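Colleague: Note that the protein sequences, when read in sequence, are chains B, S and Z. Take 1 as the starting number for the first sequence in UniProt numbering and just add one per residue. Take 1 as the starting number for the second sequence in UniProt numbering and just add one per residue. Take 1 as the starting number for the third sequence in UniProt numbering and just add one per residue.
Think of the hints as simulated: they come from the structure by calculation, not from any bench. This structure is a prediction, so every number in the text was calculated from the model and none was measured. Wrong hints could be hidden among the right ones.
Quick list of in silico lysine-lysine cross-link-like pairs, DSS-like style, CA-CA up to 25 Å [to be verified]:
#: 1; chain 1: S; residue 1: K635; chain 2: S; residue 2: K524
#: 2; chain 1: S; residue 1: K181; chain 2: S; residue 2: K383
#: 3; chain 1: Z; residue 1: K21; chain 2: S; residue 2: K59
#: 4; chain 1: S; residue 1: K383; chain 2: B; residue 2: K39
#: 5; chain 1: Z; residue 1: K21; chain 2: B; residue 2: K8
#: 6; chain 1: Z; residue 1: K69; chain 2: B; residue 2: K39
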Amino acid sequence: MNDFDFYKSESIADAVEKISNHTDSRFIAGGTNLIDLLKYNLLRVSSLVDVNSIKNQSVTEKDGLVLLNAFATNAETAYHPIIEQRYPLLSKAILAGASAQIRNMATNGGNLLQRTRCYYFYDANTPCNKREPGSGCSAINGYNRNLAILGTSEHCIAIFPSDMCVALSALNATVCVTGSEGERRIPFSAFHRLPDDTPELDNNLLPNELITSIELPAKGFEKNYSYLKLRDRNSYAFALVSVATAMELENDTIKEIRIALGGVASKPWRVQEAEDFLQEKAPTRENFSLAAEIILQDAKGFEFNTFKIELAKRAIIRNCLMALNPSSQLPGAQPSA
Amino acid sequence: MSIKPLIGQPISRLEGHLKVTGAAKYAGEYNVSDLLYGYVVNSTITKGKIISMNSDEIKKIPGIIEIFTHENRPSLAWFDMQYSDMDAPPGSPFRPLHKPEIKYNGQPIALIVAETFELARYAASLLKAVYKEEKFSTHLQANLSKARKPQPGLATMLKPPPPKEKGNVDLAINAAAFTAKGDFTHGTEHHNPLELFATTTVYEGKGKVTIYDKTQGTINCQLYVGNVFGLHFKDVRVISPYVGGAFGAGLRPQYQLFLSVMAALELKRNVRVTLDRSQMFTFGHRPPTIQKTTFGSDVNGKITSLYHEAIGETSLHEDYTETVVNWAPMLYPSPNSKMEYNLVPLDVFTPIDMRAPGGCTGLHAIESTIDDLAHQAKIDPIKFRLINYADRDESVNRPYSSKELRACFIQGAEKFGWENRNPEPRSMRRGNKLVGYGMATGVWESMILPARAEAILTTEGRLIVKSAVTDIGTGTLTVMSQIAADELGLPLSMVSFEYGDSKMPFAPIQGGSFTVSTVGSAIKVAGEAMRKKLLKIAQRLPNSAFKGAELDNVVFQNGFIRLRLNLSKEISIKDLILANGGKPIKTKNFNVPNLLKLKKHSRAAHSAAFVEVEVDEELGIINVTRAVTAVAAGKIINPKTARSQILGGMVWSISKALREETISDHQFGKYMNQNLGEYHIPVHADIHDLDVIFVEEKDEIVNELGSKGIGEIGLVGMPPAIANAIFNATGKRINEFPIHFDKLL
Amino acid sequence: MLTETTKPISHAKNASTVSLKINGEDKSLVLKPWVTLLDCLRENLDLTGTKKGCDHGQCGACTVICDGKRILSCLTLAVMKDGSEITTIEGIAPSGDLHPLQKAFIEHDAFQCGYCTPGQICSAIGMLAEGKANTEAEVKELMSGNLCRCGANTNIINAIMEVKNGGNYE
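Please construct the entire structure, taking both the sequences and the accompanying hints into account.
Modeller: Written out as structure tokens, the structure is:
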């Protein structure tokens, strides 16, 4: 970790101004990933702008929409009555991530901005296009058990490790940001990027832009939802595959369904074709299985992660069935008993 | 009035209060004045040579005191042997900052010493070396053709070579009614105690140092520092009362000790060096191992042939060995047996013993192959083991000093509910889950080494017992206090055990499950000497009721000596001290085990592990839902701390079978998951219902206490029991550890 | 990409006064921003009960209670907590007494080496205060941010469950 200056900001405008006045400066909120990166010397900053004091209410309702304050912690959000009651999928997904201590620190905005956990990204002595564009990707022919099977490029197969964002993707959230040029709204599906030939860019946030809130549409799918997370231990590990399902049933048929995958790509993965296929169909294992085939049709495995293709299909089926009976969910988003 | 012996009582840890309040100080926590902070820089290549480094530039940063590299390190001891330690395998020990040559990835190449921790860490990130790289080999599987016999050495005393071949295994296998074969793969593991390795060296002036070190052997480190830096042993004091776990990683002096002491001596300042978590992967590990087994039995399940081969990894500079293949003929008498053990030297650091070294590797192969054989013969796995039960150790043709493994089978099976097992794979279910039961045997040799102990009876009648031994969390302080108290029939409140200090009487490194045996026996010898002294003083008193009494004729109870046959005849220890001129009474004794006598018997702790797993049929997710381990380990000194030792071994079993692995990338010759986020040890949510049984076992041979060690035995039998339970649940025999759930898809 | 600074950034002017209320006592320290709360506690205040196990938020040994919430002091800069109230293992019980969880940990032998123990206890205090865990499975999940390498998990969870269920450790 290098030495840096530290500024506290009380307002969004002040924070944006402070960061615009310094090169190599970053916002810090929870710091749970940023300080980690600083300690590994994967990031050098000249200054940090602390935005923790900007927070007011963590969750608010406005015109039927719900706003998550970007500076509220993951725990405050997951346990907020509005989220627990109207967006239980989001609550479950948040609680499947990290640990209780980290969720007490990490913020909603920060969750969207966490970096990949690819071993080679974290090892400054191996080539990595995300860390050092043009240096090459060590993971493609390296140890890639925890890496992507969808949306990869020849330059990068990193995944985006968030759980919360998998639910936000399923809920069609909108990311509200403020920069020197003013405010902007980014649909969730357009927030994170595929690697293509610019894997160093995780998302479409512009320099000096600050995430201020995340907007949830009124529809929370509180009756039929499920989050399932499969990993190498029962808790406190990143997903190998995770699935968020939000479903609306009417007369025993699917009126609407959203299925988002985590742990498989550089962004939460949704396939419209599969969701369309399930519309007006019966919520059966057979139909979920057909949808799973559609979702994974373009998947491509690497030496150590090909299993994820079959695993993701089975996880989709199980999670959609679990969504029919949300009470079957277990702590830590483990598979139903 | 009779006093209940403290041995056998479930006493709570005596240091408990200090540990739950945060008051217990670990090596990197001593508040020392004018402390400098050292941060280590490690090699980023696997093999080659350092051409240059930018130390001069970095040294200019204000607050940087010194940068030590191979170029400017002080001249030190010349001979390899002086870098050797009590646990050094045959070969040439690693010497930090010795030469520009790089022998392995992560080798320490510099120590930055600065005024603050943050500055030292920052400067470490700026220090760069230019290397000339060479080709390296780190991949065991790709280098099996280089396998060769290990060099013999001193370590062979504790790690015997494989037993001699018997009969003809090839002929026997051809004639066998049932044959089971397996190829077993174990990857690298790292000890990862939660406490980071750290050394705080206090420079006392004139070549004298006091060292707070994280170690499993204070005297081992004292001798190492004395030899390497040419100091008088009396000028080197190593203190280590609290050790935040070690599991073998502290058996040898690690490089932070060398660097901290070197910097302190050179700078004549107090220096602390704490490693970071990724550096915890740079000084020793459990080696990857490849094993092959072929076992055969006759139609009744009687074993006729045992073949077990293991190939382990070592470094190019030392031949580290483990006892992997010796166990099968010890557990299962067979007219034909052949065991082979070879090493492949690679460009890695020398492996170091890690909890149940060799045993938990070899028993996995043995006990899973036995399970397969029993399955083929359609014999219950317990019954199969009883058919082949060894009342003698046929591998070396000796009786056991004691062996209550049969009781482990019976009591363990009953507690577990083994009779409810359906032997047909995939036949038991619970909702979405397949259920499987598995069991396996565990064995671990009971060793004893020489040690010294001192006993002092203070003028207040308190007993102080001293040994240089450490307490790495095993409960040493508590059990040694219990043993000492019983020697004089004192309550615990009148006894202090002083330990974790090289100034104390000699104890060997703490490992191999031999500490209670070794140090406990020394305390008993010192205790007996003390009782003799006290009796002698009592007999010298005028009109002594104890005249002519032998030690056997008296009892020591609650601060008094009494005649066994007439308890009213008594004298208090306080009076004896008065009679001794009011001076404390001291004894200091060396216990040297009678090897000739001991060698007439095989001495080992045994266990039977029972495991229930649930496997999600569709998703493969595995949970060890219940497990029982029944242990026969002689006298249990403290059932509470002993139970915790076994529970710990059971958690390690779950970790070994299902969780932990160090991932290598052989393109780079390095470990890739050098952190606790990706090196998965179990979390609370992974651990379910675990239970421990200690069966009665009397042993008058193994040592004075009749107590066998229990640090490793909990980890030997349960990993194969998990693999066997997974087979029972799924019909799949996965012989590669850890078993990732995706292998069951 | 790691843009290496040519100037070794070490300007002392960036140190500032940080006020923390630690275990009920007001502390005022002059610290540079790069000092974590963990290192501040251990190196500046000699409160070494808070442990450093990984320094990257992966083990839970550095757990402290900050403004009523359990957090990881290794992933927090001390300067970010200016004005906060911090409770460490040294401050969870009035002096001379033990917290019920401390007593339960001793009684259940819920530690061996003792290094993860302060973090486990502080985390459990935070977990019980959150009131989100009802079943043992939920307690295990919400305590999973605290690793124990000795394998004392069973005893740790038993100790916590006893206190949670109102065991007589008061």
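Colleague: Next step is simple, just say for each hint if it's right about the structure.
Modeller: Each hint tested on the structure:
no. : hint            : in the structure
1   : K635/S / K524/S : holds, 15 Å
2   : K181/S / K383/S : holds, 20 Å
3   : K21/Z / K59/S   : violated, 37 Å
4   : K383/S / K39/B  : violated, 56 Å
5   : K21/Z / K8/B    : holds, 19 Å
6   : K69/Z / K39/B   : holds, 24 Å
Violated hints for the displayed structure, listed by number in ascending order: 3, 4.
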